Amino acid sequence: MTEFEVPVLSVKNLNKQYGPGCPHCKEGESETLVKNYCQVCGTVYACRDVSFDVFPGEVLGIVGESGSGKSTLMQCLYFDQEVTAGAAFVRSYENGEKNLFQESSQQQRYIRNHIMGKVYQNPLLGLRMNFSSIGNIAEKLIAAGSNHVGMMESRGTELLNKVNIPVHRRKEAPKYFSGGMQQRVQIAKALSNNPPVLLLDEVTTGLDLSVQASVLDLIKSLQRELNISIVLVSHDLGVIRMLADRTLVMLEGKVIEEGLTDQILEDPQHPYTQQLVHSLL
Amino acid sequence: METLLEIKDLSKSFDLHNLGKHIRAVSHVDIQLNEGEFIGITGKSGSGKSTILKCIYGAYRIQQGSIWYHSKKFGRINLAEASERQMLYLRKHEIGYVSQFLNVMPRTTARQLVQQAILEMGESKSFAEKETEKILTHFELDQELWDSYPTTFSGGEKLRLNIARAMVKKPRLLLLDEPTASLDHDSKIKVKLLIEQLMNEGTTMLGIFHDLEFMNHLVNREYNMQNGVFS
Ligand SMILES: Nc1ncnc2c1ncn2[C@@H]1O[C@H](COP(=O)(O)OP(=O)(O)OP(=O)(O)O)[C@@H](O)[C@H]1O
Ligand SMILES: Nc1ncnc2c1ncn2[C@@H]1O[C@H](COP(=O)(O)OP(=O)(O)OP(=O)(O)O)[C@@H](O)[C@H]1O
Ligand SMILES: [Mg+2]
Ligand SMILES: [Mg+2]
Ligand SMILES: [Zn+2]
Numbered sequence: 001m002t003e004f005e006v007p008v009l010s011v012k013n014l015n016k017q018y019g020p021g022c023p024h025c026k027e028g029e030s031e032t033l034v035k036n037y038c039q040v041c042g043t044v045y046a047c048r049d050v051s052f053d054v055f056p057g058e059v060l061g062i063v064g065e066s067g068s069g070k071s072t073l074m075q076c077l078y079f080d081q082e083v084t085a086g087a088a089f090v091r092s093y094e095n096g097e098k099n100l101f102q103e104s105s106q107q108q109r110y111i112r113n114h115i116m117g118k119v120y121q122n123p124l125l126g127l128r129m130n131f132s133s134i135g136n137i138a139e140k141l142i143a144a145g146s147n148h149v150g151m152m153e154s155r156g157t158e159l160l161n162k163v164n165i166p167v168h169r170r171k172e173a174p175k176y177f178s179g180g181m182q183q184r185v186q187i188a189k190a191l192s193n194n195p196p197v198l199l200l201d202e203v204t205t206g207l208d209l210s211v212q213a214s215v216l217d218l219i220k221s222l223q224r225e226l227n228i229s230i231v232l233v234s235h236d237l238g239v240i241r242m243l244a245d246r247t248l249v250m251l252e253g254k255v256i257e258e259g260l261t262d263q264i265l266e267d268p269q270h271p272y273t274q275q276l277v278h279s280l281l
Numbered sequence: 001m002e003t004l005l006e007i008k009d010l011s012k013s014f015d016l017h018n019l020g021k022h023i024r025a026v027s028h029v030d031i032q033l034n035e036g037e038f039i040g041i042t043g044k045s046g047s048g049k050s051t052i053l054k055c056i057y058g059a060y061r062i063q064q065g066s067i068w069y070h071s072k073k074f075g076r077i078n079l080a081e082a083s084e085r086q087m088l089y090l091r092k093h094e095i096g097y098v099s100q101f102l103n104v105m106p107r108t109t110a111r112q113l114v115q116q117a118i119l120e121m122g123e124s125k126s127f128a129e130k131e132t133e134k135i136l137t138h139f140e141l142d143q144e145l146w147d148s149y150p151t152t153f154s155g156g157e158k159l160r161l162n163i164a165r166a167m168v169k170k171p172r173l174l175l176l177d178e179p180t181a182s183l184d185h186d187s188k189i190k191v192k193l194l195i196e197q198l199m200n201e202g203t204t205m206l207g208i209f210h211d212l213e214f215m216n217h218l219v220n221r222e223y224n225m226q227n228g229v230f231s
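Here the protein sequences line up with chains A and B, keeping their order. All the letters of the first sequence, read from the start, carry residue numbers 1 to 281 under full-length UniProt numbering. All the letters of the second sequence, read from the start, carry residue numbers 1 to 231 under full-length UniProt numbering.
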C-alpha cells in the first residue's frame, strides 16, 4: 500500500554482526546459531534485516528483551557502529535519495550534527562529564556550525530551562548531577540543533520512578510542542504504552512483530510478544 | 442515504500460544451503518460486542472479513487493509472511541486531555480552550477538577471526561462501548443529550448498551449478539 505521507526516516534491511562469521553461521540463518550467537566463531548477529519507517511527528517505540539488538540498531543509525549491510534514508538529507550508510564519514558527521539527536542509554557516552552542562550543549551547537557565543549561551539556557535544569546550575558539570538530571541534559543537548529525528535509547532506565515520570513527561511535551519524530527504545512496556504511537518488537536481532501500540498491547500475535505483554499484567 | 460503514463477514479469534488456547470471539458478522444513523448493540457478557468495536478502531487486528469505511480523507477504505498511519490519522480526525474501561494518561490534567484531542486535529489553541470549557461545563465536571489529574477522579467523573474527550472532536463515526454503564441518572441524561446533539450535527454512531431502552427513541436499529454472532 502506498502511504499518504513521506517518512522522515526509512531503514531498510539493516544488518549488524559483531564478528567475522564462519562457514557454520553464514548469513546468520544457520541452524547452528544459539539465538543469534554462533558457538563456533563467536559472532553475534545483533540486527538482522531490520526495516521500518518513521513518519513526521510520530513516536515509534521499539521493545525487546536485553540483547535483542535495540542499542545496536540505534548506534548504527547514529553512525556509532558501522552496519554490516542495509540502508537508511532521511528525507531532509539529499531528498531522501542517498543511503546514509554509504556516505563519507564527513557527510555522516554532518548528518549527526544537523539531522539527528541521540540520547544514550548510558549518559557517560552522551555527555562530557567534566564539561559544564551548557558547555555540553555548546559543543553540539558548534559542531552544527554556530560560533556566536552569546547566541549559544542563550540557546543553551533556553534548552536547559525547557528540560527543567535550573538556570543557576547551567555551569555545573553533569558529573555532579543525578541520573535524571544527566538524562535531561542529554535531551537538551540532543535537541539543540532542532533535529527532525531524535533517537532515545532507554532514557528512563535506572532512574527512580518519580524521576522517570518527569523525564517521560518532558519527552511527551517536547514531542507535542516541537513535533519531532522520535525513535524510542525501551524494554519497559509502560513507557511504550505512554509514548509510542506505533511499536516494533525485537527478538534476537529481528523485528518479530509491529503494529499500533494498542494492537501490540491488546492483541499481540507472536508468542514472545504475548509472553512479554502478559508478564506485564 | 450513503453507507458510512459496512462490515462484511468479520471473524476474530485469539490464539494464546503460551496457554495453548484458541478463543473465537466473533464469527461472520455483517453490519451496515448509514450516514447519520445510530445503531445499538446488546448482548450477554463475552458475546463479542467490544471485539467488534475494537476491530473497527484498529485496536484488534482484523484477520478475516472486511470493514469498509467511507473516509473524508481516503475515500472508501477497507480498514482491514489500512496502514497504521492511516488508522492513526482516522483516529485523530474521523473516528472516535469511548472505551468500556477507562484509560487516562498519567499526569495529564482533565483540561489538557480534552484540549489535546482538539489540538491534534489541527485546531487553534484558542479554539481548543473555548471548546474544552464548553464541554466540561456541559458534563458538569466540577471546575475544581479541570486542572487536576483524572487518575484521582471517581469512576463516573472519569467516564464523563472520557466521553467529553471523544465527543468534543465531533467525529464522523463514534464508537461507544457502554458509555453510560456506571453513570447516575443525571449523567446519563447528559450523555444522551450530547448524543442527540451529535446526531443532529451528522455524527454516525455505533454503541454498545446494556440498558438500550434508555437510548430508545434515538436508536435507529438494534443488533443482539450471542456467542459471536447476531441472533
Ligand atoms: N560492541 C560490541 N561488541 C560485540 N558484541 C556486542 C557489542 N555491542 C553489543 N553486542 C552484542 O550484540 C547483542 C545486542 O546488544 P544490544 O546492546 O544491541 O542489545 P539491547 O537490545 O540494547 O539490550 P539491553 O536491553 O540490555 O540494552 C548482544 O548479544 C550484545 O552482547
Ligand atoms: N484481547 C483479548 N485476548 C484474548 N481474548 C479476548 C480478548 N478480547 C476479547 N477476548 C475474548 O473474546 C470474547 C468476547 O469478548 P468481548 O470483550 O468482545 O465481549 P463483550 O460482549 O464485550 O463482553 P462484556 O459485555 O462483558 O464487555 C470473550 O471470550 C473474551 O474472553
Ligand atoms: Mg540497550
Ligand atoms: Mg465489552
Ligand atoms: Zn560462526
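Because the hints were derived from the structure by calculation, they are not lab data. Keep in mind the model is a prediction, meaning the values are calculated, not measured. Every residue gets a Cβ at the ideal spot worked out from N, C-alpha and C, and that includes glycine. A hint or two may mislead.
As the list claims (entries may be wrong) - Simulated pairs of lysine to aspartate or glutamate, DMTMM-like, Cα-Cα distance not exceeding 25 Å:
no.	chain 1	residue 1	chain 2	residue 2
1	B	LYS8	B	GLU35
2	B	LYS188	B	GLU133
3	B	LYS21	A	GLU257
4	A	LYS254	B	GLU133
5	B	LYS8	A	ASP262
6	B	LYS188	B	GLU222
7	B	LYS8	A	ASP217
8	B	LYS125	A	GLU158
9	A	LYS35	A	GLU3
10	A	LYS220	B	ASP30
11	B	LYS72	A	ASP217
12	A	LYS220	B	GLU222
13	B	LYS92	A	ASP49
14	A	LYS171	A	GLU158
15	B	LYS73	A	ASP262
16	A	LYS35	A	ASP49
17	B	LYS44	A	ASP245
18	B	LYS92	B	GLU81
19	A	LYS220	B	GLU129
20	B	LYS158	A	ASP245
21	A	LYS220	B	GLU133
22	B	LYS72	A	GLU3
23	B	LYS44	B	GLU94
24	B	LYS92	A	GLU139
25	B	LYS158	A	GLU266
26	B	LYS92	A	GLU65
27	B	LYS73	A	GLU3
28	B	LYS72	A	GLU82
29	B	LYS92	A	GLU153
30	A	LYS162	B	ASP186
31	B	LYS170	A	GLU139
32	B	LYS170	A	ASP245
33	B	LYS158	A	ASP217
34	B	LYS188	B	ASP211
To be verified - Residues from chain A that keep clear of chain B, each with C-beta distances beyond 12 Å, as calculated:
no.	residue
35	PHE4
36	ASN13
37	PRO56
38	VAL149
39	LEU207
40	LYS220
Results for each hint:
1. B/LYS8 x B/GLU35: Holds, at roughly 17 Å.
2. B/LYS188 x B/GLU133: 20 Å, holds
3. B/LYS21 x A/GLU257: 20 Å, holds
4. A/LYS254 x B/GLU133: Distance of about 47 Å is beyond 25 Å: violated.
5. B/LYS8 x A/ASP262: 23 Å, holds
6. B/LYS188 x B/GLU222: With a Cα-Cα distance of about 19 Å, the restraint between B/LYS188 and B/GLU222 holds, given a limit of 25 Å.
7. B/LYS8 x A/ASP217: It is violated: about 42 Å lies between the C-alpha atoms, which goes past 25 Å.
8. B/LYS125 x A/GLU158: This hinted pair holds, its Cα atoms lying about 23 Å apart.
9. A/LYS35 x A/GLU3: 34 Å, violated
10. A/LYS220 x B/ASP30: 39 Å, violated
11. B/LYS72 x A/ASP217: With Cα atoms ~33 Å apart, B/LYS72 and A/ASP217 exceed 25 Å; violated.
12. A/LYS220 x B/GLU222: With a Cα-Cα distance of about 41 Å, the restraint between A/LYS220 and B/GLU222 is violated, given a limit of 25 Å.
13. B/LYS92 x A/ASP49: 32 Å, violated
14. A/LYS171 x A/GLU158: 14 Å, holds
15. B/LYS73 x A/ASP262: 23 Å, holds
16. A/LYS35 x A/ASP49: It holds: about 15 Å lies between the C-alpha atoms, which stays within 25 Å.
17. B/LYS44 x A/ASP245: Cα-Cα ~33 Å, so violated.
18. B/LYS92 x B/GLU81: 18 Å, holds
19. A/LYS220 x B/GLU129: 20 Å, holds
20. B/LYS158 x A/ASP245: The hint holds at about 23 Å.
21. A/LYS220 x B/GLU133: 23 Å, holds
22. B/LYS72 x A/GLU3: The hint holds at about 16 Å.
23. B/LYS44 x B/GLU94: Roughly 29 Å separates the two Cα atoms, so the pair is violated.
24. B/LYS92 x A/GLU139: Not OK: B/LYS92 and A/GLU139 at ~39 Å, beyond 25 Å, violated.
25. B/LYS158 x A/GLU266: 21 Å, holds
26. B/LYS92 x A/GLU65: 31 Å, violated
27. B/LYS73 x A/GLU3: Holds. B/LYS73 to A/GLU3 sits at ~13 Å (cutoff 25 Å).
28. B/LYS72 x A/GLU82: Roughly 45 Å between the alpha carbons, so the hint for B/LYS72 and A/GLU82 is violated.
29. B/LYS92 x A/GLU153: 39 Å, violated
30. A/LYS162 x B/ASP186: 43 Å, violated
31. B/LYS170 x A/GLU139: 48 Å, violated
32. B/LYS170 x A/ASP245: At roughly 22 Å apart (the allowed maximum being 25 Å), A/ASP245 and B/LYS170 satisfy the hint.
33. B/LYS158 x A/ASP217: 21 Å, holds
34. B/LYS188 x B/ASP211: 11 Å, holds
35. PHE4: Contrary to the label, A/PHE4 does not stay out of reach of chain B, its closest Cβ about 7 Å off (not over 12 Å).
36. ASN13: 20 Å, holds
37. PRO56: The claim is violated: A/PRO56 sits with its nearest Cβ about 10 Å from chain B, within 12 Å.
38. VAL149: 35 Å, holds
39. LEU207: Given that every Cβ of chain B is farther than 12 Å from that of A/LEU207, nearest at about 15 Å, it holds.
40. LYS220: A/LYS220 not clear of chain B: closest Cβ-Cβ about 8 Å, inside 12 Å.
Taken one by one, the earlier hints fail for this structure at numbers 4, 7, 9, 10, 11, 12, 13, 17, 23, 24, 26, 28, 29, 30, 31, 35, 37, 40, listed in ascending order.
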